[in-house]
Amino acid sequence: MPDAKAKIALELNGEAVEVAFAPHKTLLEVLREDLGLTGTKHGCELGECGTCTVLVDGTPVLSCLLLGLACAGRRVKTVEGMAQRGTLHPLQEAFAELGAAQCGYCTPAFLLAAEALLASRARPTRDEIKQALSGNLCRCTGYIKIYEAVELAAARMRGEDAKPAPETLYGVR
Amino acid sequence: MASGKQPAGFHVVGKAHRKVDATAKVTGITRFADDLFLPRMLFAKLLRSPHPHARIVSVDTSRAAALPGVKAVLTGKDLPIPFGILPVSQDEHALALDKVRFVGDPVAAVAATTEETATEALELITVRYEPLRAVPDALDAVEHPEPAIHDYADAGNIHKLIDLEFGDVDAGLAEADVVREDLFFFEGNTHLPMEQHAAVADWSPPPDGKLTLWSATQTPHYVHRALAKVLELPAARIRVIACPNGGGFGGKSDPFSHEIAAAKLAMVTGRPVKITLTREEVFYCHRGRHPTLMWVKTGVKKDGAITGMHFKSLLDGGGYGSYGVASTYYTGALQTVTYHVPRYKFQGARAFTNKPPCGPKRGHGTPQPRFALEVHLDKIAEQLEMDPAELRLKHLVPPNSLTANWLRIGTMGLGPCIEKVVRGSGWKDRFKKLPYGKGIGLACSSYITGAGLPIYWNAMPHSGVQLKCDRGGGVTVFCGSTEIGQGSDSILATIVAEVLGLQPLDVAVVTGDTDLTPVDLGSYSSRVTLMTGNAAIQAAERARDVIALHAAKKLETAIARLTFAEGRVFDVEDPERGLTFAEAVQLAEAAEGTIGTVGSYTPAPSAGKYRGAGVGPSPAYSYSACVAEVDVDPATGIVRVPKIWIAHDVGRAINAATVMGQIEGSVYMGLGEALMEEMAYRGNRNVVHKIPSLLEYKSPTTLEMSDVVTYIVEDPDPNGPFGAKECGQGPLLPVPPAVANAVYDAVGVRIDEVPITPEKVFKALRRKEKGEAPRFGPAAFPDIAWPEPIRVPPPWEGGDGKAVPASPIPGLAPGVSRP
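Read top to bottom, the protein sequences are chains A and B. If you want the numbering used here, it's the 1-based position in the first sequence plus 28. If you want the numbering used here, it's the 1-based position in the second sequence plus 1205.
Among the hints, erroneous ones may be present.
Unchecked claim - For lysine to aspartate or glutamate, the following EDC-like pairs were computed, each having C-alpha atoms within a straight-line distance of at most 16 Å: (1) A/K158 / B/D1838; (2) B/K1673 / B/D1750; (3) B/K1506 / B/E1590; (4) B/K1506 / B/D1592; (5) A/K35 / A/E61; (6) B/K1220 / A/E195; (7) B/K1848 / B/E1909; (8) B/K1415 / B/E1437; (9) A/K53 / B/E1321; (10) B/K1502 / B/D1382; (11) B/K1895 / B/E1392; (12) A/K158 / B/E1909; (13) B/K1637 / B/E1590; (14) B/K1848 / A/D155; (15) A/K53 / B/E1320; (16) B/K1903 / A/E195; (17) B/K1673 / B/E1746; (18) B/K1584 / B/E1595; (19) B/K1507 / B/D1592; (20) B/K1968 / B/E1761; (21) A/K105 / A/E43.
It should be emphasised that the hints constitute simulated quantities derived from the structure, not laboratory data.
Build out the structure end to end from the sequences listed, making use of the hints.
Shown next, in the form of structure tokens:
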């Protein structure tokens, strides 16, 4: 029966969940349509833009190219899982502070790709940030504020009392 | 302000603020249109034409309608009333009625219980077409008036013809020491917002008879009007809610087929209907940059002073009118607002072609002529052996002046912009002095801060604001403006907070909802900060006046001594004597009843009174200067842009952080247009879009994006709220010509066409090697049967902004009548 739903168990944003869905669905569709987590966006559903990025077992993955069925027993993190107990993740905080989220549509994907980077590189260079985010398209920011936000968040996650440079917020005088 | 503090006298204006919607956006809470799920919701899909130009012979939907799960199928005859964004081009149907005009033109719509079922149903619809000759581009349209794509047009397949003359250009050219002619081509490109267009419609059946449409639209007011017209519903029974847009850039400014079809399907089925376009369909919606061929002839004195300019443009409009008439005027409107042009002639033509319609993309009609003009000036400077920066600085349009085409310039900060990028980039030590393969180029621009005239003629305000002061001390601002990521909600909050002495996050913002918010015309033409800002100031000042009246009574002081700051209302000369803002609101509310005020904004009438004077006037003009540094690989023609310096005169930064974001984002988009972005078609194969995907439509990733050094220049304009001018579009404009000029500095070839692809650079380099003209670009501008020009004497020739009567005898001097 083609419409029979499949059911899987996974760890989603730190919680054990079970979800039933049509077996042809991608993780993107399962998250948005069956789990109600619409923070994960889509820009092409063809694996071209990075907008649907989530973390699976800590690695950035294009949720539009991954079947939901393939996530059984795995650890999935979406943007909804970033803030903890009402406190924004340092990346979320820095993105908000610098205006690295303009329309905000690509933002969840950038946040998660950046989180994966910072998990392995506490002090990434600008080039490492560019490389890590090169699979994500943003049409609003020109990426500049995103780099600066990742650097600001990285510094704070290292325990530094970092503040945005004046020229970041006001330009060069 | 070097320390990053707000300017003296302001509480919050000028500071870098976190946007009011920032937290929602970084937590994924913001609800975009496709994030809405309503109970019993159906999913709609559109069947699109596989032909670029064809007559529809018949449509058979019976098999689709019979598919289990399909709830309704619509065709053109179900929505026969035409619509379009401009009153002069009501030439679209939600679903093609008798003809299709491009590959991707919607023909039928299906609503079904799942998206998969709706998609399956599309394949069961049988459409018989009678193919017609297709017009692949504008040059072909000039040569082939038949078969006509539309039954209305100025001539054959030429949608619009414009001929405007401001002074005797031939006399101006005769006075010149050097006269130069150049040809340029700007390829079409598209907005590519990361969010695909989506809409959800809901119908409450009679006796309510109320329709609600949530949509990713930049212009809910115009969608509201189009729905009322096509669906024949009273506007009062339609509610359009503009969801936050996941990027717009002009691409969500037209009323669209999918919005109307979803609404009709909801009415037919009695169930909510969602439609979300695929990425491929977004390319068919398009409304992006018009491919534009341009010819420019300018006379200059030895010192670079322009004596006269003649500019021609031919735009490839695609299958429908969209904003095209305005776009065409815009290709000729703003040449005069940067450097003084004493005599000016503009001829513009827009062709109908069998491609997705072109319309307004960031910079609307002006990046193309700006590219042409700034490269043209670079060539002139070289011919005159002048520094291109010096040439521009010497001939700036004076502030507070009228241009030849009767545009009223207010503040004009281009001079400081040029000085900043010249100094910052080390221009004087590097221009013409870098090793082969490395180069540096300069270009400037200007842009409108809102169109002076509305899209449909009316005498009402362009922007309205309502303000509600809560007795708890909170304030809610209601405005029809649409948040597309540019920060318009935050502008409202910041401005109201400034006037009432609050913090932006104390202000709740309700926008883009035709049931709840007064009309704002929409997020286009860089109008929002200036127009909603002025309306918000008026509403907030009215609220402040009422509150101050009662606070002064209570505090037993004069109203003139009261100030609103830090959440308090207090006596400036005795700051201890004061009330909290909430206490002050309560006093006012006790005395006057509910405290609510309104504000509105209408631009001043424009100075030009001739036909065509509606495009170009603006309350204020922003200015930008840009220096681009390039590395050109002579072996491959690959151009890399490591760094861009950009200075932008924003009048006054309301929120410095969002100004920075708009400038950097504009530079990014300009760089994409300069190097790689293009809407390419297989002209010889059915005019099919070559690359309707994000992978094949090249746009800059993090690896192509340049470093950006940004300078905010503030020359406050009296027409702007606290002096603010636009910043969301203008800084895009100088980037393509700056890159082109830098490529010439690097390798000595002129690429008179964007995008500046490796192939074009390579070809030009080979030509140079062979001793041919070291150039890549168009070779000719076609002969077009221009209409009799509208002649308008410039202000300095004693004109009054009106056209002189047309000569009754062809060739007779203007204004001279038969004896």
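Now for the hints, and whether the structure bears them out:
1. A/K158 / B/D1838: Violated, at roughly 22 Å.
2. B/K1673 / B/D1750: holds (14 Å)
3. B/K1506 / B/E1590: Holds - the C-alpha atoms of B/E1590 and B/K1506 are around 12 Å apart, at most 16 Å.
4. B/K1506 / B/D1592: The hint holds at about 15 Å.
5. A/K35 / A/E61: holds (14 Å)
6. B/K1220 / A/E195: Given pair B/K1220, A/E195 holds - Cα atoms ~13 Å apart, limit 16 Å.
7. B/K1848 / B/E1909: It holds: about 11 Å lies between the C-alpha atoms, which stays within 16 Å.
8. B/K1415 / B/E1437: Answer holds: B/K1415 to B/E1437 is near 12 Å, not above 16 Å.
9. A/K53 / B/E1321: holds (11 Å)
10. B/K1502 / B/D1382: OK: B/K1502 and B/D1382 at ~13 Å, within 16 Å.
11. B/K1895 / B/E1392: Distance ~14 Å between B/K1895 and B/E1392 Cα, so the pair holds.
12. A/K158 / B/E1909: Holds - the C-alpha atoms of B/E1909 and A/K158 are around 10 Å apart, at most 16 Å.
13. B/K1637 / B/E1590: holds (12 Å)
14. B/K1848 / A/D155: holds (15 Å)
15. A/K53 / B/E1320: It holds: about 12 Å lies between the C-alpha atoms, which stays within 16 Å.
16. B/K1903 / A/E195: violated (30 Å)
17. B/K1673 / B/E1746: With a Cα-Cα distance of about 13 Å, the restraint between B/K1673 and B/E1746 holds, given a limit of 16 Å.
18. B/K1584 / B/E1595: holds (14 Å)
19. B/K1507 / B/D1592: Holds - the C-alpha atoms of B/D1592 and B/K1507 are around 13 Å apart, at most 16 Å.
20. B/K1968 / B/E1761: Distance ~80 Å between B/K1968 and B/E1761 Cα, so the pair is violated.
21. A/K105 / A/E43: holds (10 Å)
The earlier numbered hints that this structure contradicts are 1, 16 and 20.
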